[in-house]
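Trainee: Spelled out, the chains give:
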Amino acid sequence: MSLTDTLPLRHKPAAALVVGGGIGGMRAALDLADAGLKVYLVEQTPCLGGRVAQLGFMFPQHDCVLCRGTADHGYGCTRPSISPAYIQHNQHPNIQILTNTRVVDAAGEAGDFTVSLRREPRYVDIQRCTNCGICAEVCPVTLPDAYQLGMTMRKAAYKTAARATPDAYSIDKGPYCDDCVKCEQACPTSAIHLDEQPRLESVEVGAIILALGYQIYDAAELEELGYGRYPNVLQALHYERLASRSGPTEGAVIRPSDNRQPRSIAWLQCIGSRDQKNAFCSSICCMYATKEAILAKQRLKDVQCSVFIMDERAFNKEYSAYFTKARDTHGIQYNRCRVSAVSEDPSTHDLILRYTEANGKIHEERFDMVVLATGLQPPESAGQLAEMLGIGLNKHGFCETDKFAPLQTTRPGVFVCGAFSSPKEIAETIIDASGAAAEVMRLLNDRLNTYPTSREWPFLSDTSGFAPERDVSSEPPRVGVFACTCGETLNEHLNYPTLVQQASQFPGVETAEILDFACFPEALGHIQEHVQSDRLNRLVIAACSNRTHESLFQRMMRQIGLNPYLLELVNLREQCSRVHEGQSGLANRKALEMVRLAVGRVQLAQPVYKKKHRCRPSALVIGGGLAGMTAGLAIADSGYDVHLVERSERLGGNLLDLYYVVEGVNPQRLLRDLVNRVRAHQRIEVHTRTEVVNHTGHLGYFITGLRTKHNGTGENFSVEHGVTIVATGAQEARQHPYLKAPGVITQHELEEKIIHQPEEIAALKDVVMIQCVRPENTPEYCSRVCCTNALKNAARLKLFNPSCRVTVLFKNIVTYGFREEYYTEARQLGVMFVRYTDAEPPQVYFDHNYDRLKVRVRDLSLDRWLDLQADLIPISTSIIPSVGSAELARILRVPLSSEGFFEEAQMKLRPMDFMREGIFLAGMAHYPKFSEEAISHALAAAARAVTVLSQRDSLYLGGVVAQVDPAKCVGCLTCTRTCPFGIPQVIHEEGRIGVGGLGGAAFIDSALCQGCGTCTGECPANAIQLIHYTDEQMMMRAIGGLGTWKIPVISEQ
Amino acid sequence: MTMTQSEKTFEPEITAFYCVYCGYMAADTAGALQVQYPANVKFVRMPCSGKTDVRYLLEAFEQGADGVYVVACPLGNCHHVRGNERGQARLKRAKKILDEIGLGSERLDMFFMSGSQAQAYASAALTMTDRIRKLGPNPLKDEGRRMKDEVKAPLEEEEEADFRGRRIKKG
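Same order as they appear, the protein sequences are chains L and W. Each residue of the first sequence is one higher than the one before, counting from 885 in the working numbering. Each residue of the second sequence is one higher than the one before, counting from 51 in the working numbering.
One or more of the hints may lead you astray.
[Said to hold, decoys possible] Cut-off 25 angstroms, straight-line C-alpha distance, at most; resulting in silico cross-link-like pairs (DSS-like, lysine-lysine):
| no. | chain 1 | residue 1 | chain 2 | residue 2 |
| --- | --- | --- | --- | --- |
| 1 | L | K1930 | W | K184 |
| 2 | L | K1649 | L | K1637 |
| 3 | L | K1682 | L | K1695 |
| 4 | W | K184 | W | K146 |
| 5 | W | K146 | L | K1930 |
| 6 | L | K1930 | L | K1287 |
[Stated by the list, open to error] For the chain W half of the interface with chain L, some residues (derived, Cβ under 7 angstroms), not all of them:
| no. | residue |
| --- | --- |
| 7 | Y71 |
| 8 | G100 |
| 9 | R136 |
| 10 | R143 |
| 11 | G165 |
| 12 | Q169 |
[Claimed, not checked] Not close to chain L: a few residues of chain W, all C-beta gaps over 10 angstroms, as computed:
| no. | residue |
| --- | --- |
| 13 | P88 |
| 14 | D103 |
| 15 | R105 |
| 16 | K145 |
| 17 | I147 |
| 18 | E150 |
| 19 | I151 |
| 20 | L153 |
| 21 | G154 |
| 22 | Q167 |
| 23 | A172 |
| 24 | R181 |
Source of the hints: derived by calculation from the structure; they are not laboratory data. Please read these numbers as outputs of a predicted model, since none were measured by experiment. From the three backbone atoms N, C-alpha and C, an ideal C-beta is built for every residue, glycine too.
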């Protein structure tokens, strides 16, 4: 078909395609789905999770907490996904996961693409697979398990990991499969169809997000390191699996040649990074190697860990402290060199490293194990996909982006996030992902909220076409017990007829039945009939895991007109049948006891509702710099009002004084463009010279008091808004003893001089730059941008006057990602670099003999002191939080990090959220950032804001939350101290009178409470109850549920 | 050490509180991987181990549980930031009370594990079973009183010394 200009006008798709099911793709899809767009999430492997699924721990907190990737609280562990929204049966209704799928073509234009997909067969029907594992048991083909990097074996019928999403097996019908069809025959639910064929499908979407991730550098290319030849030379991911709790050894680190615990391990950095062929820095290896070394120290007694490193690149929040901890607390040795070759002692398989120390001495050292910190490479499919989609790649093969549009590819409507655009860690990927979602929301602003469904829907009674909920409050409990055999697989160990017969005798039980597959539609219909005929008002379903199936049965409850909380699920499968082989008497007893508990507990259950709120359709953005303006524009472009508050009289923030950047583009043009767009935007109201005075309310409805200053007088007013964005930025520290000397200026002042007094700059003969200058009494952290900034200015000096001697005194050069090029370029231009240490910091002094300013520094590589002449000494001082950050944090009731920056909800997975819902974080208020990073972060915050704002009239809050009985409260403030989220407050309000006429009582806002119940256990007056987990429901006194088993021991026959 | 007659016939009745995150998941993974453990534990769910309440733990013993334990996320890994630390603090308080009333704090314990650690969960279940089997039935329940009379001698020999030891230490 040829495209003509007379194409019929057609419906515009309110949908987006996300390519890549790793952490970035999942995050982007979730934000788009929450904004009411349909999302096709395409993944080429059989399950979601990507690289992160293989990592056991994240630096620097050594946590997993993928379950904290979103604010919602689902049942159980969400790994490998980042939210309960990806757990089967609880999946976001707007997201369609397409596994084993590749994009083959994308026609059309921004706002209206037709994308062709090739879907490879899985051979297993996800809807019918019950994860019984029989297919894998009967499968005769054994293969190395790629998820465990070949350290364990799997069958051709397999599941990538125990908790894969989608939660189903798949058949790997590679050449090794001999079509024995045993799996197909053995499957109890007939879920396997070995004759399934690949299919071509097409979807219509308005935008595409590429979240392809990266591939790991193949260390075998560097033959001198022996990877692939020496068994004890490992690649980093290999080590990661060994140290992971879900790895082949449940976390025990052993060396492959003899399965013995290593006594010494060496990490070699920059493998496939920062070399001739890969002239970029992979950004994450310094940190992950440190993490791996700490893990070794924590698990292996007396292990010696050495890291062979060039520069310590720890350029994010608390990363510097992490390195310090590694070195000082754990005793990890850092050697500043690159190891050129590894050899092996063939008798012991020990490894011999030969390296040069900083001072030139050659050393030889033996290690039990060597881990290669392999770098990041563009994803395998990048080239082909780029060609097919018509997007540009940069010279390294990563996606080409513009500095000031970091999430846009060269094709309009196609966006990029994560490591596909440049090597990135998890937090940056998450920021990018939400940011790319914001770009899509902006593009499809006329279609937001087309699919206003959310995962809240089982709890709604007025939408989604459910029958009205039956009021059961006046009915005595009538319980129905349904025991599922999971297709006759569970009754091998459990006696179902006896179970239901005895269950039917429990008080309150009206009916007890056996079902074959409780989760299949037929059974749901059967249960519904029973509910109607026996007038049941509470159900106990004895089947499988709450984690995977509770939401399914809750939805079923809602469909049959009962509140979803009048249900108890007993996990006979994972907690009984499959774990008590050979003790059938006891297992049957346990099953019955657990059903007894459930029957008792469900009779205490009361309906739980979420409260409906109206969301104010506007945002408050605090800070009018790059991040604030970018976030404000993205929200306004998506169709919501914005109040942009700026303390000074001009918009622009730090961008006002940024004249040029290392990449060569003009930041002043960006500034003009942003200011013009902000000023002209109908939806943005700019309040300059204005500060925040107070801030109250909750997600969806905040009231903020503002104060505008006019010539000494002030005017107070307040605004109502649904969300708040903090974008207050950061600033260069201007205080240091160095600055007292004449001729010492900050890098920022140097930039001003370069622009405004070029002739003065051209006359300079000797310039010494000092990096990492930290004002006294401030915490040590890497300010991230100073190295690149100094290099940019150094290159300018060389351009003006090639004979000018420029020396940079540094501790570590932190030019991560593609910025490494500018480091290389500076060295090529003849800029000299001298490393100094904290023990011997450079000294600035005035040499009266020669009437010259000088810098004295100890050069580590020459091992002697140098006295450098200097006409000018530009120093890079720390970037510190904006003045007033602490005060603003107090007003907003959000925390600050140890460095004084605003502290996000979760460092890795929620870098743009605060723990207090409805408040988001953007730009340098979070940590020092480059402009492209601030833009991404601002867009990410905007995306999160729009997901809230787009819910307009249907924001549902509350549910399982803590409630205070004011009549019992003694106002002791224990709850306010206990709550991990700082939600309870003791307030004075009419009707809230505590014990003994106390003038107030604790109040827990149901719109804020996260439902953990931590306060309830601590309240000395026992005045707080958690809904659905009340004391009575927990202690089950009526049936003696916590103690003696009321089921007699049946003899083991 | 040979098993006494009562240890052989006595089947502990254990109550386990778990948080719905890692705690629940560890037991779930044990099921998925078919890792075996004794069938003498019943599960009570909590939204977070921060919900652990001294009253619940003591109530379980009062209702006759022979042993009680809490399964929580690894420290530092709590979904609710530090619920597991609060839970641990309360559990320690409950242990102290158990010692004071002579029931013995070893009947109560807390385990921290990640959701993927099926083996860790199974070994926690085994540890508790072995320990409770040795301690014998909860003396607060009828059966416990009866059995304690029957097996008085060996129990006193082995375990009372332990109790006394602890009391002396406290001074």
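Trainee: When you look at the beta carbon of W:P88, is every beta carbon of chain L farther off than 10 angstroms?
Mentor: It is violated; W:P88 is separated from chain L by about 7 angstroms at its closest Cβ, not greater than 10 angstroms.
Trainee: Beyond 10 angstroms from chain L, beta-carbon-wise, is W:K145?
Mentor: The claim stands: W:K145 keeps its Cβ more than 10 angstroms from every Cβ of chain L (closest is about 15 angstroms).
Trainee: Grab the minimum beta-carbon distance between W:I147 and chain L and tell me whether it stays above 10 angstroms.
Mentor: 15 angstroms, holds
Trainee: Verify that the Cβ of W:Q167 lies farther than 10 angstroms from every Cβ atom of chain L, and report whether the claim holds or is violated.
Mentor: About 5 angstroms separates W:Q167 from the closest Cβ of chain L, which leaves it inside 10 angstroms; violated.
Trainee: Holds or violated: L:K1682 and L:K1695, Cα atoms, limit 25 angstroms.
Mentor: 22 angstroms, holds
Trainee: How about W:Y71: closest beta carbon in chain L under 7 angstroms, or not?
Mentor: Holds, about 6 angstroms.
Trainee: Please verify that hint: W:Q169, Cβ, nearest Cβ of chain L, below 7 angstroms or not.
Mentor: 5 angstroms, holds
Trainee: Mind verifying the non-interface call on W:D103? Its CB should be farther than 10 angstroms from each CB in chain L.
Mentor: Given a closest Cβ separation of 4 angstroms, the condition is violated.
Trainee: Is the shortest C-beta separation between W:G100 and chain L less than 7 angstroms?
Mentor: This hint holds: W:G100 lies near chain L, its Cβ roughly 3 angstroms from the closest one there, short of 7 angstroms.
Trainee: Would the non-interface assignment of W:L153 survive a Cβ cutoff of 10 angstroms against chain L?
Mentor: Holds, because the least Cβ-Cβ distance between W:L153 and chain L comes to about 13 angstroms, which exceeds 10 angstroms.
Trainee: Against the 25 angstroms threshold, does the CA-CA distance of L:K1930 and W:K184 hold or violate the hint?
Mentor: 22 angstroms, holds
Trainee: Measure nothing beyond the straight line between the CA atoms of L:K1930 and L:K1287; if it is 25 angstroms or shorter, mark the hint as holding.
Mentor: Answer violated: L:K1930 to L:K1287 is near 69 angstroms, above 25 angstroms.
Checked against the numbered hints listed earlier, the structure breaks hints 5, 6, 10, 13, 14, 15, 22, 23; every other hint is satisfied.
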